[in-house]
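K.L.:
Next come the chains, spelled out residue by residue.
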Amino acid sequence: MLRLVGKKVLYLIPVLFAVTMLSFLLLKLLPGDPAINILGPSATPDAVKQLDHHLGVDKPLPAQYTHWLANALHGDLGRSYQNQQTTVAALKQRLPVTLELIVLSQLIALGLAVPLALIAASRPGGIFDRVTTSLAFGFLAVPDFILGVLLVYVFAVKLHWFPATGYTALTTNPAENLKSLVLPAVTLAVASMAVYLRLLRTDLIATLQQDYISMAKAKGMSSRYILLRHAFRPSSFSLLTVSGLEIGRLIGGTFIVELIFALPGVGSLAVQSIFSRDYLVVQGTVLLIAVGYVLVNFLIDILYTVVDPRIRHAGALA
Amino acid sequence: MPEPLPKSELDELSSEVRPAGLSESPFSEAISSEAPFEAYADAVMAPSVPVALPEGGFARRRIGIAFWLSVGWIALVILLALLAPLLPLHPPNDTGVGPVAQGPSLHFWLGTDDLGRDMLSRIIWGARVSMIVGFTSIAIGLAIGGTFGLIAGYYRGRIGALIMGCADVLLAFPALVLSLAIVTFMGQSLRNVTLALGLISIAPIARIIRASTLTFSEREFVAAARSLGARNVRIVTREVLPNVALPTFSFALVAVAIAIVAEGALSFLGLSVKAPTASWGGMINEGRTYLQQSPHISLIPAAVMFVTVLAFNFAGDSLRAFFDVRESAL
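Residue numbers (my numbering), protein chains in the order written: chain A, 1 to 318; chain B, 1 to 330.
Worth flagging that the hints you see were computed from the coordinates, not collected in a lab.
Calculated from the model, a selection of chain B residues having no Cβ within reach of chain A, i.e. all distances over 12 Å:
#1 Ile63
#2 His90
#3 Pro99
#4 His107
#5 Thr136
#6 Gly157
#7 Arg226
#8 Ser227
#9 Ala230
#10 Pro276
Sample of chain B residues facing chain A (criterion: CB under 8 Å; computed from the structure):
#11 Asp168
#12 Ala172
#13 Phe173
#14 Pro174
#15 Leu180
#16 Ala181
#17 Thr184
#18 Gly264
#19 Ala265
#20 Phe268
#21 Leu291
#22 Ser298
#23 Ala302
Just so it is clear, CB atoms sit at the ideal spot from N, CA and C, and this is done for glycine as well.
All chains should be modelled from the sequences, with the hints used to inform the complete structure.
P.N.:
Written out as structure tokens, the structure reads:
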């Protein structure tokens, strides 16, 4: 197993390296001169030159990259030219909001999907099963921006249960904080829930056809016990992987919801800085999201190996 | 000549390693490092009815009425989008052709928006944007990603590892943020939106085609062709490609749905085609301000988009079930 982990770490290093390189190159590949974009077309050549120097774009590309990477490793990703806040400070301020949103949405999604899948799989083809799988299929076809608008319409405009937009920090008022995050979290949770429900249900039904389940039935164990104790765990491995992937996807996928509900998270920072052409902030945000995605995937891979004895042993034999 | 699979990869392929239900689909190889695009595709395409029910009461090869309804809706949307300039519609961008923000009526079937524009006309013209972007971007993704996926799946070894490594790196970047950046910096136009979405679809499509190619390039008919002396190019194009094409087609429909949603998200943010050109996402966004008084401005395009995405998903899912020989042969 250690060998397997070692192999994955060996793979992680070049991937991380390539990811940092691409984040760096990303803004070089886009057309337009950053300095002119920042200063406007009427900028004097002197000012452009000075800003080029400040941005470090007057050096050769490899030198720029190593300089940038060294700074990044020291926690320096430059400053926003708009408000002079450092990129790292901006990210530090925004990250908790996005993380809280992701955690809340995944709790809702798993909390609904697991029991529903268990009930659905206990009677495949039954009415409950068909209704939930059809609903889940329908939920998959609802884009998050449509769902966000719908939820605002029903729960904020019509019922006034929740605020339509706005954010209260957890430290200021925990109850208000939760209230401001419910609608955005549900918006994100619905698609995840549909994915989890369909996946776990299929896996459960496949597991329930195995011989050892018949054995357990023959021994007279109750269906509920078999479902929870014998079938659930071996069926939950791909759920584990996919929920990790969902988290990875959401790190860079919350921005529409953040914009709809006016939440000050990482996603809305990315979009705002793209709009205002705040190059260094864009770069830093993309780097954070991409590295986060790679690391989450890596952790899930490791966790998967640890939890599933079949993979653990396959690794030991290799 | 492709090298034989190394032991570890054989382990990965064998159904022992993961739950049985998932190894059935050519789309779900290598569960341990899937991309979200694939996870979504898997979720859409997870068999609605399991392979062998204890009761055994469901026929596998079945194309129901819902499938034809989906195909009918897709055909209708494409037809209207194609014929939009010929139809007797109010000009989509003309303001004040009717009263402001009125619900559906006999004269304006889907009502009018806040500027008195005809919503039916705008939705049909918006369909042009969705269809062009959806189909073209996935065509780009299939052409480039599909080629790389075929190569990686057939040759495996170093080339395959290199291609998949690149795909992994690309997948780490947040797709929508990236396309948003591309469109912002390159300028808003139908062409740039299509290119941006095509670009971000390459890596996930390459992974899916590779997975599907892997399962076929191990089959007897490939070995037979090889022992008859066929060259690699011939084997890939004549033996592997036709087999990969069928599951790919059903997956491509789901991919088009994803691209339509992505375009919708961009135009929702005002970053797809420039206003006043009609697009579904843009219409949903414009109507947000009037949710209180006239919700139809937002909700009608939202419903149209939902039904269209659902139709593509459903058609893709049904075709997958229909084409999957291994499920129905038993």
